[in-house]
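Let the hints inform the model, and build the full structure from the sequences given.
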Amino acid sequence: MRKHLLALGATLVLTPCLMAQKIGVINSMSGPEAPIGENITNGIKLAEEDLKKKGVNLQLVWEDDTGKPQISMSAMEKLATRENVVGVVGPYTSACSNAVAKLAEKYKVPLLIPAAAKEEITRQGLAHVFRMNAPADKYASSLIDAAASLGKPKTIAFIYENTDFGTSTSKTAKDYVATKGIQVVADVSYPKGSADYRSTLAQIKSKNPDLVFMVSYVADAILLMRQSREVGLQPQAFLGAGAGFTTVEFAKERAISDNVISCTQWTDDVNWPGAKDFGARYKAKFGKEPTYHAACAYASMIIMAETAKASGGDRTKTRAALKSGKWNGVMGEVKFADYDGFTNQNNHQMLVQQIIAGKYETVLPAQFATKKAIYPFPKWK
Amino acid sequence: MAVFLQSLISGILIGGVYALIGIGLTLIFGVMRVINFAHGDILMVGMYLTYMIFTLLGIDPFVSVLITFPLMFLFGGFLQKVFINRVLDALAQNQILLTIGLGLIMSNTVMLIFTSDYKILSTSYSSATIKVGGGVSVSTPLLISFLITAAITAALYWFLLKTDTGQAIRATAQDRDAAQLMGINVKRMSIIAFGLGSALAGTAGALISPTYYIFPQVGSVFTLKAFVITVLGGMGSVVGATLGGVLIGITESMSAVYISSGWKDVVVFVLFLLVLLFKPSGLMGKSRT
Chain H
1 MRKHLLALGA TLVLTPCLMA QKIGVINSMS GPEAPIGENI TNGIKLAEED LKKKGVNLQL
61 VWEDDTGKPQ ISMSAMEKLA TRENVVGVVG PYTSACSNAV AKLAEKYKVP LLIPAAAKEE
121 ITRQGLAHVF RMNAPADKYA SSLIDAAASL GKPKTIAFIY ENTDFGTSTS KTAKDYVATK
181 GIQVVADVSY PKGSADYRST LAQIKSKNPD LVFMVSYVAD AILLMRQSRE VGLQPQAFLG
241 AGAGFTTVEF AKERAISDNV ISCTQWTDDV NWPGAKDFGA RYKAKFGKEP TYHAACAYAS
301 MIIMAETAKA SGGDRTKTRA ALKSGKWNGV MGEVKFADYD GFTNQNNHQM LVQQIIAGKY
361 ETVLPAQFAT KKAIYPFPKW K
Chain P
1 MAVFLQSLIS GILIGGVYAL IGIGLTLIFG VMRVINFAHG DILMVGMYLT YMIFTLLGID
61 PFVSVLITFP LMFLFGGFLQ KVFINRVLDA LAQNQILLTI GLGLIMSNTV MLIFTSDYKI
121 LSTSYSSATI KVGGGVSVST PLLISFLITA AITAALYWFL LKTDTGQAIR ATAQDRDAAQ
181 LMGINVKRMS IIAFGLGSAL AGTAGALISP TYYIFPQVGS VFTLKAFVIT VLGGMGSVVG
241 ATLGGVLIGI TESMSAVYIS SGWKDVVVFV LFLLVLLFKP SGLMGKSRT
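Residue numbers (my numbering), protein chains in the order written: chain H, 1 to 381; chain P, 1 to 289.
Below 27 Å or equal to it, Euclidean Cα-Cα: the simulated DSSO-like pairs (lysine-lysine) are: (1) K285/H to K119/P; (2) K119/P to K288/H; (3) K108/H to K68/H; (4) K119/P to K359/H; (5) K45/H to K326/H; (6) K68/H to K119/P; (7) K283/H to K119/P; (8) K171/H to K192/H; (9) K54/H to K285/H; (10) K372/H to K152/H; (11) K381/H to K119/P; (12) K359/H to K288/H; (13) K119/P to K45/H; (14) K207/H to K379/H; (15) K52/H to K285/H; (16) K171/H to K154/H; (17) K252/H to K119/P; (18) K174/H to K192/H; (19) K131/P to K207/H; (20) K381/H to K131/P; (21) K119/P to K192/H; (22) K174/H to K154/H; (23) K252/H to K283/H; (24) K53/H to K335/H; (25) K53/H to K317/H; (26) K68/H to K45/H; (27) K180/H to K152/H; (28) K317/H to K52/H; (29) K131/P to K379/H.
Hint data in this document are derived by calculation from the structure and do not stem from the laboratory.
Dropping the structure here:
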């Protein structure tokens, strides 16, 4: 009997330390956003492994939102009320993240968004919502700054998909070019998944812009560039903001992707601690190059899990620790700060890159550059 | 002017492929009165088939139509014989549920096999163009696929108008019971019609794969489009579907330029509603009362 009591006592004492940290993940694992969602899934899986090695016992509850905000929301309700998770990492898209953010605040569950770009998400003063990646305005400003430092563009055309991500990125870009004295000559949004952009691109071509600024997810990016070549759209530079222009698939289409300038949250040649190693291990494990989403998700899960453990699985303490903490890892220095109207936003350094000979090369800022930028865009062959 | 011509030409070329998708759906509806909500997914299967033939055997997507067409015909015939045939007399909503279910099974099976990654079929001519002059250029792959579409449509017209089987299909579409009384094997006609419809959808998939991208959920975009084209043209009318397809292609292309890309679907659906308001049976449809 005494032995049993002893065992029971021991378990009671040890449980809080051994107890698995229950953390929710909301991600687009199926549906049209799944190709990028997969990077997030893999990043988190790698984080789970590394955390185990460090002795952080993790129990992940996976939820698939199929890229739809309403499913994302019900996933959040389930995680918050039924699963009683300490915190949530995800979701992927801006639309889903924005919908879930308000619920996180309602249920007081710390939410760490790894890679959604819409600014508004962390601009609503929500105390429980944290974001790892730089928001949309950074995409726009770093790309336009890069173009302005490379040449003397006077006009710009915008073409973007009519989703949260597309419209918010291009809106901030339009505000930004106004301060730089660059004139907007075309401003076109399109519903994603269209098969034919030729007429739109021909219209843009007739305005002869110096810069063409595009915001698209994976497949549309390839289609847009292919059809730009078809209609002979020839600006000084193609600027691709985010998602679709920073994938391996896009770089592989060398005939149309070479010399396109894009910006990213992360590359594996940047000298942030562990970035190279993360890239190599990711490639060995999943047989693919990681995108920035993978690194964002990895870093987010590490931070969320370690903070949750240090706070003994308490939501309030976890939130406070996320707010006051400071980390340095694969994403460089991370701190969730309040600035420029943002709340709990990591002021992340964006990297400007160009596809040169089928490879992404960092061209700006100078301290991270691997190659010199090619400007203006060479004539189509 | 160049912009106008450019968008008119791309509209017509894209419209040709839309027509092919619409004809398949309208054929199936005409003969069986079943709305095939798996139509887009059948198209997606055609795309993956083309992709596999291209990557494994190295056969050009346009040439592979010769393989895709008969294979998709068999696939369609199989679907009709094993599944659709059982619900021909069932309530419309049950038929719809069945086809939606079949579509889901197809897209999810493909996702299990190929993962959800976007596949891009890159041929040497994927972004090649022919300059027409006046700043207007025509996409080579789109032009080829339009020509193939036109040839297939012409062959289909000939088949439906001139051959015995074709006439039997049309008879079944006009009045199933009367056709049966006249000694037509309506069950076989149904299998042929569904096979043809699937083959047309699969071919459309093959034709757009060099210029579009391939992923398991790509079907839903086209199911909706096919549905609009079919209803616009008149349910069951092959001529109507051809017309509807080209009309929608041009409308999309024109409204993208002169109104806004973001609003082009709205324009298409407004046009669709207007046609339904003033001619509820569709452009070429005869009302069935």
